[in-house]
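Participant: Residue numbers (the numbering used here), protein chains in the order written: chain A, 1 to 293; chain B, 294 to 1093.
Hint data in this document are derived by calculation from the structure and do not stem from the laboratory. Glycine is no exception: its CB is placed at the ideal position from the N, C-alpha and C atoms. It is possible that some hints are incorrect.
[To be verified] Below, computed lysine to aspartate or glutamate pairings styled on EDC-like, alpha-carbon distance capped at 16 Å:
no.	chain 1	residue 1	chain 2	residue 2
1	B	K555	B	D1001
2	B	K1082	B	D882
3	A	K269	B	D1024
4	A	K230	B	D742
5	B	K450	A	E239
6	B	K450	A	E240
7	B	K450	A	E202
[Claimed, not checked] Computed spacing ranges between beta-carbons, pair by pair:
no.	chain 1	residue 1	chain 2	residue 2	range
8	B	D721	A	K198	20 to 30 Å
9	A	E239	B	C665	37 to 47 Å
10	B	N435	A	K230	45 to 55 Å
11	B	F466	A	R93	25 to 35 Å
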Amino acid sequence: MRKKERRNKGGIKLSITPLAAQSSAMVSLHLVPRLIALLLLLPGRIRSSSPVFNSLLSDLQGDPELEERCRDLLRDFGRRYESYVKCAVPSARPVRICENCHIQFEMLRVVYNNISSDQADPENCRDSLLRADRLMLVYMLFQNLEDVWDVAHCSRGYHGLSNITLRYMAKLNQSLSCFESQKNNHSELCRVCRADYKDLNEFYSIMEKNQTLCIDIEDSMNATRRLWSKDFNCSFPREETVPVIAVSSFMLFLPIIFYLSSFLHSEQKKRRLIHPKRAKSNNSLMNIQDKHS
Amino acid sequence: MANITKKVSWSSRGDEPAPAGEGTPLLNGAGGAARSYSRQFSGSGIFQIGRLSTVDLEEDPAPEEESAISRPKEIPHNEKLLSLKYESLDYDNSENQLFLEEERRMSYMGFRCLEISRWVVCALIGILTGLIACFIDIVVENLAGLKYKVIKENIEKFTEAGGLSISLILWAFLNSVIVMMGAIIVAFFEPIAAGSGIPQIKCYLNGVKIPRVVRLKTLVVKVCGVICSVAGGLAVGKEGPMIHSGAVVAAGVSQGRSTSLKKDFKIFEYFRRDTEKRDFVSAGAAAGVSAAFGAPVGGVLFSLEEGASFWNQMLTWRIFFASMISTFTLNFFLSIYHNKTGELSNPGLINFGRFDSDSVEYNLYEIPLFICMGALGGLLGALFNVLNYWLTIFRIRYIHRPCLQVMEAMLVAAVTATVSFAMIYFSDDCQPLGEDQAENYPLQLFCADGEYNSMATAFFNTPERSVRSLFHNPPGSYNPPTLGVFTLTYFFLACWTYGLTVSAGVFIPSLLIGAAWGRLFGIMLAHITPYGSIWADPGKYALIGAAAQLGGIVRMTLSLTVILVEATGNVTYGFPIMLVLMTAKIVGDYFVEGLYDIHIKLQSVPFLHWEAPATSHALTAREVMSSPVTCFNRVEKVGTIVDVLSNTSTNHNGFPVVTRVMDDDEPGKICGLILRSQLIVLLKHKVFVERTRSRLNQRKLQLKDFRDAYPRFPPIQSIHVSQDERECMMDLTEFMNPTPYTVTQETSLPRVFKLFRALGLRHLVVVDSENRVVGLVTRKDLARYHLGKHGLEELQLAQT
């Protein structure tokens, strides 16, 4: 369910490109294909008589229809894709993808935009790279990365390190260094670092409200909170059990008194029965008349 | 038995002022009953019934031996009684000469206009019902939001500083105060607005006129009351009251005036009679359902199922129109409120949310599981009903004073808050706060930072939001122990709450209980089956559980299936839901009736079920009927009429008009039937034979004069008839219904019953072979027979 939503979100956000691509994909399945198929298959047919199948594929790679310009774009896309993935995978845990890789992603986006905006002549690179076949590999690859970027909310926090993010970082570091200094004595840590941690927590709540959170910040905060609550055990203890139980049982006692007292003191409501006059089954008409008189 | 007389002595003093003060004993008193007690009884036991306020009842001399027989016996309230308070509706049209004249005068265009105005009325009903639903929704949301915000802040403050018991007291206090307001207006101003209102509407559609049930005051009290009780945190929903509100709106709009506000818009005058009004009320109930659940078809089917005793097929389309309009209005105004003007896809008040197509899949092998859940729902529903039955009897017998009722409601509110707080406090179930999970008021309490207390999603929320989160929160949002404890607690809370003197429905609490154990069931399945997690989606089982529980409690069939299908926006589940509801009904009916039927019985309403009792063919009209009958002559002396009408012991409502009552009291031949209301209007306008002769230019009485007096005909006491006038004569020929339905004495009970059900009759005259009136059958004569454990049982009539 969740997966689906994400995909949907991505679809809306990328409004121009995917829609165009999808529609063209539809088209390519139905109308355009004849022409393209003919163009692709004609040489294939001719060569299909050749005994070595491998050569057929290698020959197609040198498809004369793919212009050099497009080939360059594709190569460029490949390089930048590689560098982005190389950056992203090591940043998966702990999540630092937005912070570390936003430059690479920007570059990837630029080249993709170049491809998708190239639509000058009929033999343009957009059509030949993005929508020439059923798979639409370039489009799919980029789409997936963009989905990831979108789900991570990276665009919120790291479009240039914003002021808020920097302030958050400062507070985080302050708390963490405090944790570091008091590492050995947990109870002491809870007391000393509470102010710092509380400050950080409140600042985070504000950011949460303003929707300026990206996955990096969320993750770092989660980790800090886990440290605080689980590892150092600084959550609020449940220590007022007795008063709560006392008040609760008092409250629960009230209805019992109420019902008992109303049972004992309230008068029971009685219903007055009424005997309707009826002709009994064995009563003849004469009987009815007798009674009526 | 020996102590009955003793009890009589004190209870007659304590209880009497209440019923006597309820209004005119004449009109609200004995319904269509035209039971005639011979004159010899007047002055003795039966006569005293009318004068309930007399304290010296017991001191009345009762010399005749007959009085010993007829002395009122007093028994504690139970379900086997029929109250005299309720009357039938006059569904049957009186085709008297005035009516024929009016019909003759009416042009073709007139009929077309009438038809169009019916549609206009339905549109108005839909719009107003939708607006009311919208109003309730918004006010509840804001009020509850405010309350929860205050408490949440308080809890957060005290979690840190200590002193959580103060938060507990604050919560209980806020709940009690809000509920107190709701209970006060209900208990002191309009007790009929208590409860969900569905039993009352069911009775009305069945043809019973429940006093004050469709008045404007009831509507106001109902709406304010339901806002208070939902915002006050009781285990209640606002859907039942919505149906009642729709019905009141319909009854009000179709009349084109408000008797309470004394304002007459001079429109829709034609609709001022019971026939038309009841048809519109069924449209209003449908519009109410439709607004409450976003289920227009379900609404129509609800009206059909609950009120189909006499149903006009033409009506269906019109009712559907009203339902659709109501959903549309609600959606439109809610879209404005949510700043998405024009987005009409927002469903009704209770939004079950959409089930995604991934999770709706179900397989053949799940069907037996669903049926098991249905059976479980039936069992739990029966348990709920039995507990509520005993509680209601206790309430009727002992907690009948308004101030006690208010206190009880406050206590329930406080205890609800306390129990909820204790549950949340002692719960160890912490769940991470999801991003897309819209928890409105997440409570952290002792959970780790970034997590919230999962018990609080269920308790610290309005019930319908809890239902939604049970349906849709991803697997793993709730731990099994949390759900188990929640089900148990909420079951008893809801059972305790229903029947309080607040306006509140039972739909949502039932759904909530069911959703909780259904989800628990789903989680268990996922645990015990190897590949369980693939198909045992907890949300799906929550829905099935909710259906089972609701079906087990209210025992509605067709309409409930459609309502649930529509409310979830998912036809795929139609089959499982139907199966589940069927099983729940079969299992539940084995033990006890549905909740609404129980409450109808406890209110001693003469309710006609779908069929006559199975073993009643041996009973004939002669045994069923009331006899002898008070009849009038075609031309009757005014004094006689006034005497009969003002005789408080015989609150008859219909009088056969006979050719001539001889002095030896041999019954005369029937030639018509006249109603009390008609006689009162005639007396008021002094339509006497002598006057007509003396003043020829006097305006002729029209049907309009009868309609103007509708629906609150003045009591006979308010009409002054001088000594001279008593000697005048009144010609009833023109006004009586010349062709009343009659049956012979040998007609069997089921036959008579069918006539009543199908035609919506109020009086059925029993005649002998020579067309002489020998008895009269009314609704109460039929409703008193019912099939008990020991064969056919007879209910007793009682003054309530």
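Participant: Using the Cβ atoms, figure out if E239 (chain A) sits within 37 to 47 Å of C665 (chain B).
Facilitator: holds (44 Å)
Participant: For the pair supplied as a hint, K230 (chain A) and D742 (chain B), is the alpha-carbon distance within the 16 Å limit?
Facilitator: holds (9 Å)
Participant: Between F466 (chain B) and R93 (chain A), does the C-beta distance stay in 25 to 35 Å?
Facilitator: Once the Cβ atoms are compared, 49 Å apart, the range 25 to 35 Å for R93 (chain A) and F466 (chain B) is violated.
Participant: Under the criterion that the straight-line Cα-Cα distance not exceed 16 Å, is the pair K1082 (chain B), D882 (chain B) satisfied?
Facilitator: Distance of about 13 Å is within 16 Å: holds.
Participant: Could you tell me whether the CB distance from D721 (chain B) to K198 (chain A) stays inside 20 to 30 Å?
Facilitator: Roughly 24 Å apart at Cβ, these two residues keep to the hinted range, so it holds.
Participant: For K450 (chain B) and E239 (chain A), compute the direct alpha-carbon distance and say whether it is at most 16 Å.
Facilitator: Given pair K450 (chain B), E239 (chain A) holds - Cα atoms ~15 Å apart, limit 16 Å.
Participant: Taking only the CA atoms, is the gap from K450 (chain B) to E240 (chain A) under or equal to 16 Å?
Facilitator: Holds: K450 (chain B) and E240 (chain A) sit about 14 Å apart, inside 16 Å.
Participant: Taking 16 Å as the top limit, are the C-alpha atoms of K450 (chain B) and E202 (chain A) close enough?
Facilitator: holds (14 Å)
Participant: Against the 16 Å threshold, does the CA-CA distance of K269 (chain A) and D1024 (chain B) hold or violate the hint?
Facilitator: violated (45 Å)
Participant: Would you mind confirming whether the straight-line C-alpha gap from K555 (chain B) to D1001 (chain B) stays at or under 16 Å?
Facilitator: Cα-Cα ~12 Å, so holds.
Participant: Determine whether the Cβ-Cβ distance between N435 (chain B) and K230 (chain A) falls within the hinted range of 45 to 55 Å.
Facilitator: Violated, since N435 (chain B) and K230 (chain A) (Cβ atoms, about 38 Å apart) do not stay within the stated range.
In summary, the structure is inconsistent with hints 3, 10 and 11 from the numbered list given earlier, while agreeing with the others.
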